[in-house]
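Going down the list, the protein sequences come from chains A and B.
Using numbering that gives the first Met the number 0, the letters of the first sequence correspond one by one to residues 0 to 321.
Using numbering that gives the first Met the number 0, the letters of the second sequence correspond one by one to residues 0 to 308.
Bear in mind the hints are in silico, worked out from the structure with no lab data behind them.
Please read all numbers here as calculations on a predicted model, not as lab measurements.
Some hints here could point you the wrong way.
[Stated by the list, open to error] Only pairs whose alpha carbons sit at most 30 Å apart, straight line, appear in this in silico DSBU-like list of lysine-lysine:
#, chain 1, residue 1, chain 2, residue 2
1, A, K6, B, K39
2, B, K224, A, K6
3, A, K209, A, K39
4, A, K208, A, K32
5, B, K39, A, K114
6, A, K240, B, K224
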Amino acid sequence: MSLLPTKPGFMAGRSVPPEPGYYDYAPYMGRPKITWPEGKRLAFWVAPNIEFYELAPPASEARAVWYRPEPDVLNYAMRDYGNRVGFDRMADVMAAHGVRGSVSLNVAVCDHYPKIIERCCELGWELFSHGIYNTRYMYGMSEDEQRRVIRDARKTILRVSGQRLDGWLSPAISNELETQDLLAEEGLLYTLDLFHDDQPMPVKTRSGKKFTSLPYMMDVNDVPVLNFQSISPQDYLQLIKDHFDQLYAEGEESGTVMCLPLHPYLIGQPHRLWILDQALDYICSHSGVWLATGREIAQWFNDHHYDEMERWIAGLGQEGGE
Amino acid sequence: MSVPESYFDYPNRREGVDHDRFAFRSLRDAPPVQWSHGGKLALWVTLHLEHFPLNMPGKPLLPIGGFDRPGVSVWDYTERDYGNRVGIFRLMRLLDRHGITPTVAMNAAVAERCPPLMEAMLERGWEIAASGVDMGHLHHGEIPPEEEARLVAESFATLRRISGQAVTGWHSPAHSQSPRTADLVAAEGGQWIADWINDDMPYRFRTDAGSLVQMPLSYDLSDRKVMQLQAQPAAIWSGQVEAARDLLLSETATYGGRILSLSLSPWVAGRPAKIATLDRLFSSLLSDSEVKPATGGALAADWAAQVPA
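Make a model of the complete structure from these sequences and hints.
In structure tokens:
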């Protein structure tokens, strides 16, 4: 997603396999039926990214961190707006609709701005990890180094909220190939790093532990929509509704998921907050919507559908399989 | 494969921001103020008068609106110059009609190059704020300190000499600062800056030469971002401004006086097809008796008088 290119030399001498190997092909046709609690059709979850970008981050071997020579006041301040102003506005609107957030959290926010975390906890939101800072990437890290980041996140979230670290979105979506293996080994339930499907899916990792991919939908993520694609607020609202309508219709056959990834620095602007208000109004007016968190969706899928889905996928590759 | 051990040092991982320029303050904790003009929502119009030299370096950063065409960019140069010749006079008529006194964040070069424009603005009592020398001389992390000190001094001195005003405001061209810009502005007698886009309300900004008031000049809602960079039609832009007005007005009940900042560049907003939309927008904004225009300097002083340091 980054607009910034890889630094020359970063991948020199490294061999990359032709595919990541996290899953086998599974067509969106003839799949085992997913049923959500109380027969709901669509599990809706909101994932606000509560982030901290450092003004003076360490250099990365992989990419430039900022767009302008540091201090990049424009881009730092744009994101800082989310923590100072946008967060409370966004939280007010979500609370008014009874929608909880599942926070994609740069866990350093727990140290910098404990009041934000307190409010998330008061509202019953889930905290999952988006790394330490959004200016510290997983790129180029050894397995031990990646484990260190995962464990820091787990410890920090537990300390401030009493919550288990169950979900993961790599900071600035910076992965190494083994990241998913390590997350599974560290006991996490779900990852948002994979964009291959609209339904929860088992992820193949080397430990064979249950590990689920949840859809984190870039289609309706405010950063690509508003920043990279320059879509108007009106069109963004329509996009959210169209996206929902299709998934809701498909949910009659088998349970679907809709994720709304947000950034308070964008959606929390005075000229955009109404989009969220109207989007939640629309979505919540449908009786077949399960208002869930990432953890709840992953846990339900693990408990009720994971094994069957895995068996079905395995059967696809066999002679005479369905 | 590994990263340096120092990649796991987090020197600023503690309560508060990760620098010493200002304190963290959330929307809910901002001290409420009442504007002395009596309106709940202050309409702060800022006009950017800028000179983009034909030979602007474009490095190490390209300002928004900077030239990115190959070769000698005559089209870009003249299109921006249009703003200072034509567009600004359309906006002037419009602002006169609606009784709005704007802040003009200007490159010193424009004051020197366009005396009749300067005269017309000063006659109207428009507030002049310093915005560097020209768009080929940006303030950024790689600028030599002596060169930057000279640019800041020259910008203030030229604008004060030509305008006869105190000139206490500063907007860094392209919202770009070096680590020293604010210190230099304060040392030159500046009282407020409008560069950091992280708030909707003023806050105090520490410098080596006393504190400044950082004013919430909008960028995300500027004509340049929405209509130039994102190529949205004027109606989409004005609809966003009205949405911001509605939200900010609703917040005045809880949070006190608020500011609606309109950031306009005459080479973008002063084009013929935009004027009718702007006219309707100003009418719409000012039809509410709770919305009243004010300049950046007036708002900064008003805010500072009510919020103890």
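Worksheet item: Hint by hint, which ones does this structure get wrong, listed from lowest number up?
Response: 1
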